[in-house]
Amino acid sequence: MRPIQRYTTCFFSNLYLGGYRSFDSITHGYDTLAANYGISVVNAFASVVDREGKTVRLADGSTLSYDRLIIAPGIDLIYDSVPGYSEEAAEIMPHSWKAGPQTQLLKAKLDAIEDGQQIIIVTPPNPYRCPPGPYERASMFAHVLKAKGFTSSRIIILDPKPKFSKQALFSEGWEKYYPGMIEWYGSDVHGGIKSVDQKSGEVATDLDTFKGSLVNVIPAQRAGRIEQDVGLTDDSGYCPIDPASMRSKMDENIFVIGDAAIAGDIPKSAFAANSQAKVAAMNVRGDLIESKVFPAKYANTCWSLIETDDCVKVGAQYAPNSEKIASTSSFISQTHEPADLRRTNYEESVGWYKGITTDIFGA
Amino acid sequence: MVRRKGLPGSVFVVVALAVTTLAAAPDAAPDSERGQIIFQTCEGCHQVGEGARHGIGPHLDAFFGRCAGSLDAFKYSGAMHRYGEDGLVWNAETLDAYLARPQAMVPGTRMSYRGLTDAAKRADLIAYIASATAVDPTLAPAPRAEIGAAAMGIDGDPDYGEYLAGESVTCHQRSGRTDGIPSIVGWLRGAFIRALFEYKTNVRQHQVMKLMAVNLGNEEIAALAAYFRGFDPQ
Ligand SMILES: Cc1cc2nc3c(=O)[nH]c(=O)nc-3n(C[C@H](O)[C@H](O)[C@H](O)COP(=O)(O)OP(=O)(O)OC[C@H]3O[C@@H](n4cnc5c(N)ncnc54)[C@H](O)[C@@H]3O)c2cc1C
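Heads up: the sequence lines are chains A and B, in that order. Counting in my numbering, the first sequence runs from 22 upward without gaps. Counting in my numbering, the second sequence runs from 32 upward without gaps.
The hints are simulated quantities; they were obtained by calculation from the structure and are not laboratory data. Glycine residues also receive a C-beta, built at the ideal position from the N, C-alpha and C atoms. A portion of the hints provided could be inaccurate.
[Said to hold, decoys possible] Computed footprint of chain A on chain B, listed as stretches where at least three residues anywhere in the stretch have a Cβ under 8 Å from a Cβ of chain A:
id: 1; segment: 68 to 79
id: 2; segment: 144 to 150
id: 3; segment: 208 to 218
id: 4; segment: 238 to 246
[Unchecked claim] Once the Cα atoms are required to be at most 27 Å apart in a straight line, the calculated DSSO-like pairs of lysine-lysine come out as:
id: 5; chain 1: A; residue 1: 169; chain 2: A; residue 2: 182
id: 6; chain 1: A; residue 1: 345; chain 2: B; residue 2: 241
id: 7; chain 1: A; residue 1: 220; chain 2: A; residue 2: 197
id: 8; chain 1: A; residue 1: 130; chain 2: A; residue 2: 75
id: 9; chain 1: B; residue 1: 106; chain 2: A; residue 2: 375
id: 10; chain 1: A; residue 1: 167; chain 2: A; residue 2: 197
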């Protein structure tokens, strides 16, 4: 069940902003799944889940019944986590944290920036979708401005956190490619984000008020709304699951995967959602036809592009323990790595995009 | 000269290998004299050359070509034994990977040495160990196993392989198409198993693949090989 006919991936949407990918190349349809894999695709909003009767009611009033239900509604944005921000304000200050028209809006605003104008990114608090995403986005903004020969524009990042994912790698890259262009203010420096004003383009913090011609506000997040409605979430706003199967702790007939789930040490990424999907699918099949169920294994790798041919990556393997899904081994790119390694990383990320989208949408 | 499949036949080959890995650093041809100085750090535990005996660590005479954890009179860690059974054989490449970070290559090894990060120094040290050996290396006991042998001996479960392959196909396409990521479809079973084992033991260095392989046991490697062998590209 999907409410839309075509899906634009958030992953690689920063590369679209940077001009490395077309919008078309990050947008996919469900036709192949229906034609080649025997999957019935319903493009409709699921409005109610009746857990007793094991049915899902769609927005048009029709219902579907299930033996097992897998849900992956992604995230909901908590607009008012940033005072002054709202769904309406997002038309002026895009979040672009759900891909589609928002991503195109941000691209149009980025392309309209003139030399000397300032960009502000308000980043979200943990936990959120794609930890390195906001900083990769800042890099792509800088890449576009630099390529146009702009020297006096600035990109200000106002962060509610004191540190961020791959910080040493991004800092090194920004220093190398965009000296003086990107300024990052952690929570201990700006003291707190007080409000945003869509009319003036101002963001007020304890330290100072910043003004941007483009303000990209990425608010706090929680599990997608349908789950809020059906009681699969806990106080954190996300869905607790059994680490060994991705089965909801609230309902044994439901599996929750992707950004909506509380997946322990696993960050919210497409790679991880795909890995969780495979564990859930194996368990659903085991439930229904008693096929073999093997021990759960999860993996993640996230690539981030800093400048053309300079891509860094972080990855880990995970396994369930009695409490949560825990990291068992990990790696991260190092500072001062040779250029050819970073270029290979980029080529690999392009290969991964092709691989995972083929895996998801079929061939 | 004794020839063993897939392994350097003698110390001379070993030294030559070490040289080629250093081609990038111009004046850094491995030097056994410099290696001897570095070896002073090792001497507290290891002996090499005429009459070498076990100490805190096993003796290193006729080291190259030796199967890991294979000398009877020495009490190795369970980890080192297992790696030997899996087919880890000491040569310039495997020793180089081990010396860089022993715990990373053989997690659980008893050798309490953090590692030598400088590749040129490792090459010197390897050159010294090769040159100091007193016993004719061709007389060293034959390795117990080819690399990855334990996995090769297992009849992998293709169903398990199918599940594990879910991780592979996030990047490697089932069609065998390559778009920046190599194909893993249609490999010979031996080569497939060997490659995974080489990632596991750090002989191959790719970060993502090392991560993918580190938790794969012989069962898993055999299962993946069984799945991809029977796999019909779409
Ligand atoms: C800028 C950015 C860059 C990123 N880069 C990367 C990257 O490089 N690598 C990576 O691995 N990850 C990346 N991510 C993260 C990745 O996009 C997400 O983690 C991933 O999309 C999560 O998948 P999901 O299925 O949980 O949610 P989603 O992809 O959001 O899918 C949920 C779907 O469910 C639909 N839906 C929601 N509610 C309902 C309902 N009630 N009825 C019917 N349908 C519904 C939604 O419309 C949506 O289509 C990035 C994210 C962003 C924002």
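Hints versus structure:
1. For the segment 68 to 79 of chain B, the proposed coverage by chain A is not satisfied: 0 residues have a C-beta within less than 8 Å of a C-beta in that chain, short of the threshold of three.
2. Counting residues of the segment 144 to 150 of chain B whose C-beta sits closer than 8 Å to any C-beta of chain A gives 0, which falls short of three, so the coverage hint is violated.
3. Check result for the segment 208 to 218 of chain B against chain A: holds, 5 residues qualifying (beta carbon to beta carbon below 8 Å, three or more required).
4. With 7 residues carrying a beta carbon less than 8 Å from a beta carbon of chain A, the segment 238 to 246 of chain B meets the three-residue requirement, and the given coverage holds.
5. Pair hint residue 169(A) plus residue 182(A) does not hold up; C-alpha atoms about 31 Å apart against a cutoff of 27 Å.
6. Restraint check: the Cα-Cα separation between residue 345(A) and residue 241(B) comes to about 24 Å, which is no more than 27 Å; the hinted pair holds.
7. Under the criterion of a C-alpha separation no larger than 27 Å, the hint pairing residue 220(A) with residue 197(A) is inconsistent with the structure, at around 35 Å.
8. For a cut-off of 27 Å, the pair hint linking residue 130(A) to residue 75(A) is broken: about 45 Å separates their Cα positions.
9. Distance check on the hinted pair: residue 106(B) and residue 375(A) sit about 49 Å apart at the alpha-carbon level, beyond 27 Å; violated.
10. Under the criterion of a C-alpha separation no larger than 27 Å, the hint pairing residue 167(A) with residue 197(A) is consistent with the structure, at around 12 Å.
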